[in-house]
Amino acid sequence: MRYSGFRVLKEGLFGNRGWQPTWRDATPATEYDVIIIGAGGHGLATAHYLAREHGITRVAVLEKGWLGSGNIGRNTTIIRSNYLQAGNQPFYELSMKLWEGLEQDVGYNAMVSQRGILNLCHSDAQRDAYARRGNAMRLAGADAVLLDRAGVRRLCPFLNFDDARFPIVGGLHQPRAGTARHDAVAWGYAHAADSRGVDIVQNCEVTGFQIADGRCTGVETTRGRINAPKIAVCVAGSSSRVMALAGMRLPIESHVLQAFVSEGLKPIIPGVVTFGAGHFYISQSDKGGLVFGGDIDGYNSYAQRGNLPVVEDVCEGGMAVMPMIGRARLLRMWGGVMDMSMDGSPYIDKTSVDGLFFNGGWCYGGFKATPASGWCTAHLIATGEPHPVAAGYRLDRFRHGAMIDERGAGAQPNLH
Amino acid sequence: MLIDHPLLGPRDAREFVILGDASLIDRPRPDDFATRDDAIEHFHDWLHLRVNPAGAHEELWYHEQGDRSWLVVTRDTTTHAVLAVQLARDVALERGRGR
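Top line first, the protein sequences correspond to chains A and F.
Here this note's numbering is used: the first residue of the first sequence is 1, the next is one more, and so on.
Here this note's numbering is used: the first residue of the second sequence is 1, the next is one more, and so on.
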């Protein structure tokens with residue numbers, strides 16, 4: 001099925017009776033070329049790029065729950081490529097470029113909106129760090145503009161410029177960053193992958209791996225055994241649980257990150273704004289809700305809900321930088337389970353078992369990475385070699401001291 | 001969350017900071033390995049790999065805003081319920097970590 005403005009008009013005239021399901025609810029076959037575990041953003045993107053870039057269409061995407069039921073439906077929808085480390089920035093810039101062409105690529109409206117991200121800085125040292133980061137971004141082909149106080153005020157006049165404790169001295173602006181409609185990203189990739197013949201199988205939980213002589217040849221599921229010579233695990237949040245079925249321990253802890261949305265308001269926040277003296281980020285959805293979040297709770301959790309001290313901390317950050325949000329009422333808050341890795345950077349790698357690939361460890365930055373993650377995972381599966389921009393995302397990098405630690409916090413997952 | 005401190009009774013979890021998995025107590029000792037590569041392997045696994053269970057999880061909490069003791073808290077990661085609390089010192093001594 002194709003989507004277009006014309007189609008919307010036509011269906012509107014005829015009572016919207018002509019719409020078909022966006023993807024087939026497939027029944028699993030017994031044999032595929034590739035099995036992808038997890039029908040979230042990264043799994044579906046991997047399936048799409050496997051089919052489109054590498055011509056591999058005998059692919060099954062197995063999902064324990066329903067399509068897009070994990071973190072692709074629980075994030076704060078921000079897309080950006082403002083990283084510093086050489087192992088990260090080219091990867092996220094590839095992702096940004098893929099976001100820019102995503103809707104045309106998958107034929108689905110993902111509401112990608114390049115409304116910009118503004119990282120505020122509150123001290124001279126922080127401004128220097130942002131200048132360095134901006135330079136690193138530009139060297140990798142991304143866009144970055146260092147704003148002074150007047151420049152920030154032009155963009156966001158409503159910020160707290162009178163705060164003596166956390167004065168706003170400037171900001172790093174990435175105009176090409178922005179937001180995207182998170183669920184529609186999953187639906188779009190599902191739509192595109194399905195139209196190329198990929199089977200998306202919901203309510204199909206993987207309960208075990210068939211491993212013999214160091215090679216994985218299939219999976220046991222609640223809907224029977226399914227064989228494939230290549231199997232990719234894309235289940236961030238539950239990575240440790242699934243990989244434990246293959247007898248592996250990972251450099252990952254699961255933590256809960258909370259997010260919040262206010263009642264719908266008239267347009268007030270022009271893009272994404274982040275507070276540099278605490279951890280607080282905010283944007284406004286097209287529906288008008290202020291979408292914001294901050295730190296993870298800090299303790300291991302699979303509960304998809306957090307506790308009140310972090311709610312207070314996030315709201316304090318918001319009040320410090322943007323006192324007007326104190327007048328808005330909170331509509332909803334929720335939590336998502338994050339794969340927190342040992343250096344704050346993800347993994348896209350082969351494992352010690354032949355034919356078994358792993359994609360995870362996205363910390364709380366997985367959404368923006370969705371296109372490049374799928375692109376690079378598909379590349380790894382199809383060619384057997386890591387994609388150049390994801391070459392540093394190895395599971396064994398800590399053995400060699402090759403960690404990619406943006407924050408410089410060391411092997412302490414809850415600090416990244 | 002409330003953490004039932006063995007010495008002080010129930011305390012608000014925000015008085016504490018969490019370090020992580022209590023397996024960090026089991027730091028490799030020199031007599032655990034014979035070669036340099038062996039040592040790297042042991043330290044790598046100890047520092048970087050986690051079981052990360054969904055369910056009961058033993059973890060190290062530090063009573064920073066209190067008596068500054070280290071605790072081993074057993075907590076259910078699917079419900080956040082605190083199941084058991086011990087002084088980390090006692091746990092370490094039980095495991096033969098005392099000097």
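One thing to keep in mind: the hints can contain errors.
Claimed, not checked - A few chain F residues facing chain A, derived, Cβ under 7 Å:
(1) His-42
(2) Leu-47
(3) His-48
(4) Leu-49
(5) His-63
(6) Gln-65
(7) Ser-69
(8) Thr-74
(9) Thr-78
(10) Arg-95
(11) Arg-97
Said to hold, decoys possible - Pulled a few chain A residues facing chain F out of the computed Cβ check, cut under 10 Å:
(12) Thr-207
(13) Gln-210
(14) Leu-250
(15) Pro-251
(16) Pro-309
(17) Asp-396
(18) Arg-399
As the list claims (entries may be wrong) - A short list of chain A residues far from chain F (calculated; beta carbon distances all over 12 Å):
(19) Arg-7
(20) Leu-9
(21) Gly-151
(22) Val-256
(23) Gly-306
(24) Leu-308
If you're looking for bench data, these hints aren't it; they were derived computationally from the structure.
This one's a predicted model, so the numbers in the text were calculated from it and none came from an experiment.
Quick reminder that beta carbons are idealized off the backbone N, C-alpha and C, glycines included.
Hint by hint, here is what the structure shows:
{"no.": "1", "hint": "His-42", "result": "violated (12 Å)"}
{"no.": "2", "hint": "Leu-47", "result": "holds (5 Å)"}
{"no.": "3", "hint": "His-48", "result": "holds (4 Å)"}
{"no.": "4", "hint": "Leu-49", "result": "holds (4 Å)"}
{"no.": "5", "hint": "His-63", "result": "violated (15 Å)"}
{"no.": "6", "hint": "Gln-65", "result": "violated (12 Å)"}
{"no.": "7", "hint": "Ser-69", "result": "violated (18 Å)"}
{"no.": "8", "hint": "Thr-74", "result": "violated (12 Å)"}
{"no.": "9", "hint": "Thr-78", "result": "holds (5 Å)"}
{"no.": "10", "hint": "Arg-95", "result": "violated (20 Å)"}
{"no.": "11", "hint": "Arg-97", "result": "violated (20 Å)"}
{"no.": "12", "hint": "Thr-207", "result": "violated (15 Å)"}
{"no.": "13", "hint": "Gln-210", "result": "violated (23 Å)"}
{"no.": "14", "hint": "Leu-250", "result": "holds (7 Å)"}
{"no.": "15", "hint": "Pro-251", "result": "holds (4 Å)"}
{"no.": "16", "hint": "Pro-309", "result": "holds (5 Å)"}
{"no.": "17", "hint": "Asp-396", "result": "holds (8 Å)"}
{"no.": "18", "hint": "Arg-399", "result": "holds (5 Å)"}
{"no.": "19", "hint": "Arg-7", "result": "holds (44 Å)"}
{"no.": "20", "hint": "Leu-9", "result": "holds (48 Å)"}
{"no.": "21", "hint": "Gly-151", "result": "holds (37 Å)"}
{"no.": "22", "hint": "Val-256", "result": "violated (9 Å)"}
{"no.": "23", "hint": "Gly-306", "result": "violated (9 Å)"}
{"no.": "24", "hint": "Leu-308", "result": "violated (9 Å)"}
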